[in-house]
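Visitor: One letter stands for each residue in the lines below.
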Amino acid sequence: MDNRRKYVIPGDVVTTGPFRPEQNVILEGNKIISTTVGVSEIYDDSVKVISLTGQYLPKINDLVIGKVISHSSLSWELDINSCYVGFLPAQDVFGRDFSAHADELTSKLKSGDLVAARIANSDRTRDPLITIADRDLGKIDSGDLIKISPSKVPRLIGKRGSMIQAIEGATNAVITIGQNGWVVVSCENPEGLLKAKKAIQMVNEHAHVANLTDQVNEMLGTKGES
Amino acid sequence: MGGRDSTMVLLDENGIRCDGRKIDEPRRIMIKAGGLKNADGSAYIEFGDNKILVGVYGPRDVHPKHMSNTDTGILRVRYHMEPFSVGERKNPAPSRREIEISKVIKEALLPAVILDKFPRTAVDVFIEILQADGGTRCAALAAASVALADAGIPMRDMVAACAAGKAADTIILDVNNEEDQAGQADMPIGYMPNLEKITLLQLDGVLSPEEFKKCVETGIHGCKIVYELQKKALQEKYFQNGGNQ
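Those sequence lines, one after another, are chains A and B.
So the first sequence is numbered by our numbering: it starts at 8 and just counts up by one.
So the second sequence is numbered by our numbering: it starts at 128 and just counts up by one.
One chain only, chain A, in its complex shape (with noise of 0.2 Å):
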């Protein structure tokens, strides 16, 4: 193990000097403290811990997962597994000539309906405001959610998105993969859909191994092929 990676708690003093607190630490005095249960990195003159557990923070251009729960007659309500739900203005779906009165929002997206969306603010003081108006955003019409951790997100991806790949490669699915932890696979071949659902629950449960991608394309059937 890296003398600069290592395993820490809340409370545990990851290091001391003049470093530049990122993610999940505090400065306290000359210490740096980590504030969650994860693993440490000291860069050249910061440090961060990444968490291994929590929930979902909005951040602004996250591409989350989003499903719709209700709606007013201006605008949707998200559920982004998030403790905030995610707010999707009209104007976003209709254009600018959206009329409250002529357009029936229930015609673009149902309760129920999944939609691949990006996170267009976030503040403290509201609640996210997303939009669908992207290239390869809006909504999904097929494939099935799998639900994962959300700090879990970066290790389905892998470094430079090896992991996903691998297993894109492997079954010819399409894997969407929302920063929220709510990923969406679709396959026309359902042997291969079931390989990359049983290879993102196996990410997800064996996150923290060292050397998962040789294991993940192993159980997929590709070693020594790439």
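Everything labelled a hint here was simulated from the structure, so no lab data went into it.
Since this is a predicted model, take the numbers as computed values, not measurements.
Ideal Cβ placement from N, Cα and C applies to all residues, glycine included.
Hints may be right or wrong, so weigh each one.
[Stated by the list, open to error] Listed next, the in silico PhoX-like pairs over lysine-lysine satisfying Cα-Cα at most 20 Å (straight line):
1) Lys324/B - Lys351/B
2) Lys164/B - Lys159/A
3) Lys146/A - Lys74/A
4) Lys244/B - Lys66/A
5) Lys164/B - Lys154/A
6) Lys159/B - Lys351/B
7) Lys178/B - Lys164/B
8) Lys159/B - Lys230/B
9) Lys13/A - Lys358/B
10) Lys192/B - Lys244/B
11) Lys159/B - Lys340/B
12) Lys340/B - Lys358/B
13) Lys117/A - Lys74/A
14) Lys13/A - Lys364/B
15) Lys146/A - Lys115/A
16) Lys13/A - Lys166/A
17) Lys154/A - Lys74/A
18) Lys324/B - Lys159/B
19) Lys204/A - Lys159/A
20) Lys13/A - Lys359/B
21) Lys159/B - Lys38/A
22) Lys217/B - Lys159/A
23) Lys159/A - Lys13/A
24) Lys178/B - Lys217/B
[Said to hold, decoys possible] Rough simulated footprint, nothing fancy, chain B against chain A, three-plus residues with beta-carbon under 8 Å:
25) 28 to 37
26) 66 to 73
27) 140 to 153
28) 168 to 176
[To be verified] Partial pick of chain A residues on the chain B-facing surface, computed with a CB cut under 10 Å:
29) Ser82
30) Glu84
31) Ser89
32) Cys90
33) Tyr91
34) Phe94
35) Arg131
36) Thr132
37) Leu136
38) Ser158
39) His215
Starting from the structure of chain A, add chain B where the hints point.
Guide: Showing chain B alone in chain A's frame:
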């Protein structure tokens, strides 16, 4: 358990207590992180004969809405004893004592948790005492702190807790039910071991200033023992297979 025995010897001439412990020896403690699937974080603790289960939810929406705070998240704690947790059936409705303990545990956890990242939300801590044998508030506080860490709530430090007290004119660590009933003083202490700060300090009984000082020191020593077990519980859940990374 039964009633109190006034003739009971709390400390014999060899310095051994009524349950066979030395004066500075805590009871057997076992902590397990996780275990409840539907809660966001959970912990189970066995502290001597105390058995306590803690579940944490949140951060989540606040109901009723008027309790929410636009500047920060709020912490809510419910300490509850099961009807079967004591010798004679306890009425499950919250008693005066349970309401008080909920409040002191909440206030002992507040200096540790960092909730200003989650405005307009609540973190709920549910503590269920399955079996009680003296010192439940300390055991509950220690377990609640593990459950909060398991739920991923940001914390400045863990909160460890242990009681100290006085029985047979001697300062003792980790007061059990008999010593609590027949002893001279009971002092529960909540302590943040890395920040070296006390978050809970209560005292029932009379102590001289010197005894008070010794009692606090003994209690903090107990907290450090509890902290090591809290650490172990979290490491077992999260890092068990990852030592080779």
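Visitor: Please work out if Lys178/B and Lys164/B have their alpha carbons no farther apart than 20 Å.
Guide: 19 Å, holds
Visitor: Once the shortest beta carbon distance from Ser82/A to chain B is found, is it less than 10 Å?
Guide: 18 Å, violated
Visitor: Regarding the pair Lys159/B and Lys38/A, is the alpha-carbon distance no greater than 20 Å?
Guide: 29 Å, violated
Visitor: Mind checking the alpha carbons of Lys192/B and Lys244/B for me, to see if they're no more than 20 Å apart?
Guide: With Cα atoms ~18 Å apart, Lys192/B and Lys244/B stay inside 20 Å; holds.
Visitor: Is Lys164/B within 20 Å of Lys159/A, Cα to Cα?
Guide: Measuring from Cα to Cα gives roughly 17 Å; hence the hint holds.
Visitor: Could you check if Phe94/A really has its C-beta closer than 10 Å to a C-beta on chain B?
Guide: 13 Å, violated
Visitor: May I ask you to test the interface hint for Ser89/A with respect to chain B, counting a Cβ-Cβ separation under 10 Å as satisfied?
Guide: 9 Å, holds
Visitor: Need the status of pair Lys204/A, Lys159/A: alpha-carbon distance at most 20 Å?
Guide: Holds. Lys204/A to Lys159/A sits at ~15 Å (cutoff 20 Å).
Visitor: Tell me if the straight-line CA distance from Lys146/A to Lys74/A falls inside 20 Å.
Guide: 10 Å, holds
Visitor: Can the restraint linking Lys244/B and Lys66/A be considered satisfied, given a maximum Cα separation of 20 Å?
Guide: 12 Å, holds
Visitor: Hint validation: Glu84/A versus chain B, beta carbon distance must be below 10 Å. Holds or violated?
Guide: Violated, because the Cβ-Cβ distance from Glu84/A to chain B comes to roughly 12 Å (cut-off 10 Å).
Visitor: Does Leu136/A meet its interface restraint, that is, does its C-beta lie within less than 10 Å of any C-beta in chain B?
Guide: Where the cut-off is 10 Å and the nearest Cβ of chain B is about 15 Å from Leu136/A, the hint is violated.
Checked against the numbered hints above, the structure violates hints 8, 11, 12, 18, 21, 22, 26, 27, 28, 29, 30, 34 and 37; every other hint is satisfied.
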